[in-house]
Amino acid sequence: MDFLWLTIAAAATLAIFSFLYKDNPFYKFAEHLFVGIASGYVVVIEYYNVFRPNLWDPLTAGSDFWLIIPLILGIFMFTRFFSRIAWLSRWSMAVIIGTYSGLAVIGFTEGDLLNQVRASLVPLISTEAAKKLASDPGLFTFLDFMSNPLLVIGFICILIYFFFSKEHQGTYGSLAKIGTGLLMIGFGAGYGYTVMTRMALLFDRLFFLCSDWLHLI
Amino acid sequence: MKRQIPLLITFFFGIFMIIQYFIPHHGVNEWGGRFQGWTIIVLAFAYVLGVANVLRISLEKVYRKEADWPFKLVTCISLVLMMGIGLVEGVGEDTFFVRRLYNQLYVPMGATMYSTLAFFIASAAYRAFRIRTWHAALLAVTAMLVMIGRIPIGQGIWSGFPRLSDWIMFEGPNMVGQRAILIGAALGAISTGLKMVFGIERSYLGSGD
Amino acid sequence: MADDKQSWLNRMANLDKRWVFLCILLAVGFPLFFPIGLPMRPSQPVKDFYEVLQALPDGSMILLSGDYDPGTKAELYPQNVAILQQACKKHMKVVAIALWPTGPPMLERAFNEVAVGQYGYKYGVDYVNLGFKEGREAVMVEMGRSIRHAFPRDFYGTPISQIPLMDKVENYNSFPVLIDISAGYPGTKEFVQYTQGRFNITLLSAAPAVSVPEFSAYYQSRQISGMLTGIAGGAEYEALIGHPALSARAMDGISFGHLVIILFILLGNVFHFLGKRTSA
Amino acid sequence: MRSMQFSMPKACAALCLVLSAFSGSLAEPILGDQQAAGVRALLPPRDVQAMDTPRDGGLSLTIRWQPPSGEEAGLLGYRIYRADSPNWEFRLVGQVDRNTMEYQNIPNDSIKVQMGKEYYYKVAAYDSLGEAMSEAVGPVKSRPTWFDIHRLPILVAIVLFFGSVLVFFRITKRGKGLFIRRIAGIAAMEEAVGRATELGRPVLYVPGIMDVDNIQTIASMVILVDVAKLAAQYDVPIIVPLNRAFVVPMAEESVRQGFLNAGRPDSYDPDNVRYLSDEQFAFTAGVNGIMVREKTAAHFFLGAFFAESLILSEMGFSTGAIQIAGTANIHQLPFFVVACDYTLIGEEFYAATAYISKDPQLLGPLKGADFMKVVIMALLVVGSLLELFGVHWLTGLLTLS
Chain A
4 MDFLWLTIAA AATLAIFSFL YKDNPFYKFA EHLFVGIASG YVVVIEYYNV
54 FRPNLWDPLT AGSDFWLIIP LILGIFMFTR FFSRIAWLSR WSMAVIIGTY
104 SGLAVIGFTE GDLLNQVRAS LVPLISTEAA KKLASDPGLF TFLDFMSNPL
154 LVIGFICILI YFFFSKEHQG TYGSLAKIGT GLLMIGFGAG YGYTVMTRMA
204 LLFDRLFFLC SDWLHLI
Chain B
-17 MKRQIPLLIT FFFGIFMIIQ YFIPHHGVNE WGGRFQGWTI IVLAFAYVLG
33 VANVLRISLE KVYRKEADWP FKLVTCISLV LMMGIGLVEG VGEDTFFVRR
83 LYNQLYVPMG ATMYSTLAFF IASAAYRAFR IRTWHAALLA VTAMLVMIGR
133 IPIGQGIWSG FPRLSDWIMF EGPNMVGQRA ILIGAALGAI STGLKMVFGI
183 ERSYLGSGD
Chain C
18 MADDKQSWLN RMANLDKRWV FLCILLAVGF PLFFPIGLPM RPSQPVKDFY
68 EVLQALPDGS MILLSGDYDP GTKAELYPQN VAILQQACKK HMKVVAIALW
118 PTGPPMLERA FNEVAVGQYG YKYGVDYVNL GFKEGREAVM VEMGRSIRHA
168 FPRDFYGTPI SQIPLMDKVE NYNSFPVLID ISAGYPGTKE FVQYTQGRFN
218 ITLLSAAPAV SVPEFSAYYQ SRQISGMLTG IAGGAEYEAL IGHPALSARA
268 MDGISFGHLV IILFILLGNV FHFLGKRTSA
Chain D
64 MRSMQFSMPK ACAALCLVLS AFSGSLAEPI LGDQQAAGVR ALLPPRDVQA
114 MDTPRDGGLS LTIRWQPPSG EEAGLLGYRI YRADSPNWEF RLVGQVDRNT
164 MEYQNIPNDS IKVQMGKEYY YKVAAYDSLG EAMSEAVGPV KSRPTWFDIH
214 RLPILVAIVL FFGSVLVFFR ITKRGKGLFI RRIAGIAAME EAVGRATELG
264 RPVLYVPGIM DVDNIQTIAS MVILVDVAKL AAQYDVPIIV PLNRAFVVPM
314 AEESVRQGFL NAGRPDSYDP DNVRYLSDEQ FAFTAGVNGI MVREKTAAHF
364 FLGAFFAESL ILSEMGFSTG AIQIAGTANI HQLPFFVVAC DYTLIGEEFY
414 AATAYISKDP QLLGPLKGAD FMKVVIMALL VVGSLLELFG VHWLTGLLTL
464 S
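Going down the list, the protein sequences come from chains A, B, C and D.
Whatever position you read off the first sequence (first residue = 1), add 3 for the working numbering.
Mapping to the working numbering: the second sequence position 167 is 149, numbers consecutive.
Whatever position you read off the third sequence (first residue = 1), add 17 for the working numbering.
Whatever position you read off the fourth sequence (first residue = 1), add 63 for the working numbering.
Hint data in this document are derived by calculation from the structure and do not stem from the laboratory.
It cannot be assumed that every hint is accurate.
Okay, derived cross-link-like pairs now, DSS-like style, lysine-lysine, Cα gap no bigger than 30 Å in a straight line [what the hints assert, rightly or not]:
1. C:K293 / C:K34
2. A:K25 / D:K358
3. C:K139 / C:K185
4. D:K175 / C:K110
5. C:K34 / C:K64
6. A:K31 / B:K43
7. D:K236 / B:K(-16)
8. C:K64 / C:K22
9. C:K185 / C:K106
10. A:K169 / D:K358
11. A:K25 / B:K(-16)
So that you can see chain A by itself, here it is in the shape it has in the complex (with noise of 0.2 Å):
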């Protein structure tokens, strides 16, 4: 039994690796089947740990009254199946929107905001980093050295970069391009680090085929 369902794991697996060959009916199979399961699997899931336990038993024990509130919006949802009441999930979507944009507001100008400019505040040379680069010069005592005046001055050029007020000329546009440059220098690493979650991934799918299913290693 535990055989035939990793072989099915397995070929469902292969069927989706064919399609970087080309498109092909396994690979329509699989990823049709795919979307099922995982909607399906979805709904379970809210039905057991939101709809039951947040909603329906408090509702139905008594202890919230005014989870009919919520209960009511969440019918709204649906009448966008219907023209003639449609406007009414208009109501549902506001309260989301209306949540999750205060929610936003405060959460972008405490958390990425304020603490990231208040980090930002460093003496513009560290004079422990200076020392260090005095007493034992070399490649890495100056990158420490330099981290500091690069975070304060590198900072102000991409926010030159990103001020759309003015045009990008002269000293200014020198400025700016010195932004882009630690923008690509960024994006690069972002590129060259992400290649290590593509890698897992795929050596994970390599070692269950070899190793779960086939028992090759």
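Start from chain A and add chains B, C and D according to the hints.
Only chains B, C and D this time, still in chain A's reference frame:
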């Protein structure tokens, strides 16, 4: 009426979520919690609506015998089976639903879908990292440095590679670049959020009355 | 002759991507059969992750959010297992939640493998799996007020009041540290924005490599106190806790994959420039 | 061995309870018993203080103390007792280990705090033999806080930003300060549509894979109006594949509006706004199919993208299309930058709507954001110089707690 009420709802919930942050009073907090609880529930309905849409559109295609309709039937059948078995059986660890359908169908397929990216990331690297401009040069050289610094072989070639790659990532140019983009994107997100709350941006309502 | 060479160079520069695919497959697959076992050197974010957990008193309670899915399990499941190894060694109590619907079974698998299988943990006493909750950022903020309000029942439907471990749980303040296993949205970024500063939490992140560049800014600002950086970070972490396992095993194949991509970047440039010179 | 360690404290607690019950009352210190048994007396905690928990909702009190003077090797921890009057019976609220010198009486405790009511507290040090109780402290009552002063910097930032947006609204409405620098990716949009026209092939517009509550999706819908207008002017079809059902009516509306703005409402084809699938990779496969089968010549990927970014842009490249991408999802930017002709990076993506339309309503926020950037740059310069000379007040000002 059909537009005013949603705008009022958005404003009310949005402004409440903002002021709640500044007011620790337990009454405000309790209502904030209640509203968040409501959103959790409404969003769960939205998810189910998405699934209903998958079913509706697939069935339409089957009914109209559009291209690939047998595959759409596969979607519908697997969806209904997965849902039915899960709802009847529950989500315990020894259920057929978790042990077989989740672990031996959903998991391998999801993992494989993602793993195809390993191939695309390689082919994109092959054709796109051509050093035509100094921007492209920076991009390609950093990508290679970071890659070599991240694997044990790189350390074997020169012991400084991992440290150099870590410096680029966590202290040097990458961190600075990411921070600046974060702040720029945050400004964009905050202003859009405020526009939504105050009803300046209302395209999500669509047109009509 | 020159034409032949030109067309060959052109062909190589515009190689059918399926050849590239084949090379990657061979590079990643080869070490499966001939493992090398390359050594790992822990980097600073991983060391910080390890040390923050290690500094907690034995028996502390930690909150673990499993926000990942089958698609990202290759990188994150080994990290999940390794985190539990360290936590169980220190007899920590683990409260697990998930903001991704696909998270709870993943957590369950890891618990069964490590906590129950190797350390004899008891459900409800030493660890608990509260399951999934829809609502993303709203759930995060709500948990800062009351975790039992956001999660009235656990993954299996047992009311929280019947779980002894949950007696002492109120909100984030009940835990000295929050560990987020983050595959994407919602994940560590949202925990930073919506909870870390707001509720003053020590946040640790187990992240796939794709998220690490962005999180580096949060790590530098200490909004994230420590980070497992992709599968290599996982392998380094396994070395730190003295338990080389899933991540370490994958590192050989991944290293070869990296080398092949570097080679492709170099080759791509060589063919491009040779092609340009011959045509010029 | 493990289970021993887990149960030890519980066993001690149980033993203490038995002992204290034996001595008559839970609340009575049992110093006398210890002295009688010839054991060195356990001393009570010192400097016990009870206070309203600062910056809270008004339902908690904080009790702090100092450890007993002298060597207390056997000390196991502290118990906190509470009564409504110093002469009434004190009831156990909770206990902590010997290293903790603070306790918060919070709503999760079985004995809760009522807002505005007066309470008295005692703290007892305990060991395996008994406990030593402090004097009662109080009265103390809890009050709610109406404004958390520590969060003032956030409020200032929001008010400053929104205020500047409103000011720039007024200025731009009067037709002043409309200038926006050239943004290459946006300037290339017309070129891309033009190219599709030359080839006689459709335009493809993908607004990301997130729902309508995502800010990027909404921004993308506004850009869609302008791209649809361009397509209508050039008379090429525009195909919009979607993966969220809720986005469908919004996208239909945007495309129709674009055609209307171009003065060609009759050319609008509703069949070209297509819902494909909610599932990420099924959607990706569907879009790939459209690229290959319908030979789209200009691709716009503008919105919130995730792992599919690379697959889409790689596939799109192999069909020879001109590609313009834009997203604020930082983790996907590298792939777009590498594989597309133009990429709108983060805020550039948000700026696109204002750049194209020059609408004062959209320019206001953009100019407001620019103003904030000037403020941040000033902070950086001043802050890094102050830090250099060891002055930390600016950093302190921006610290929340």
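Tell me, in ascending order, the numbers of any earlier hints that this structure violates.
The structure breaks hints 5, 8, 10 and 11; every other hint is satisfied.
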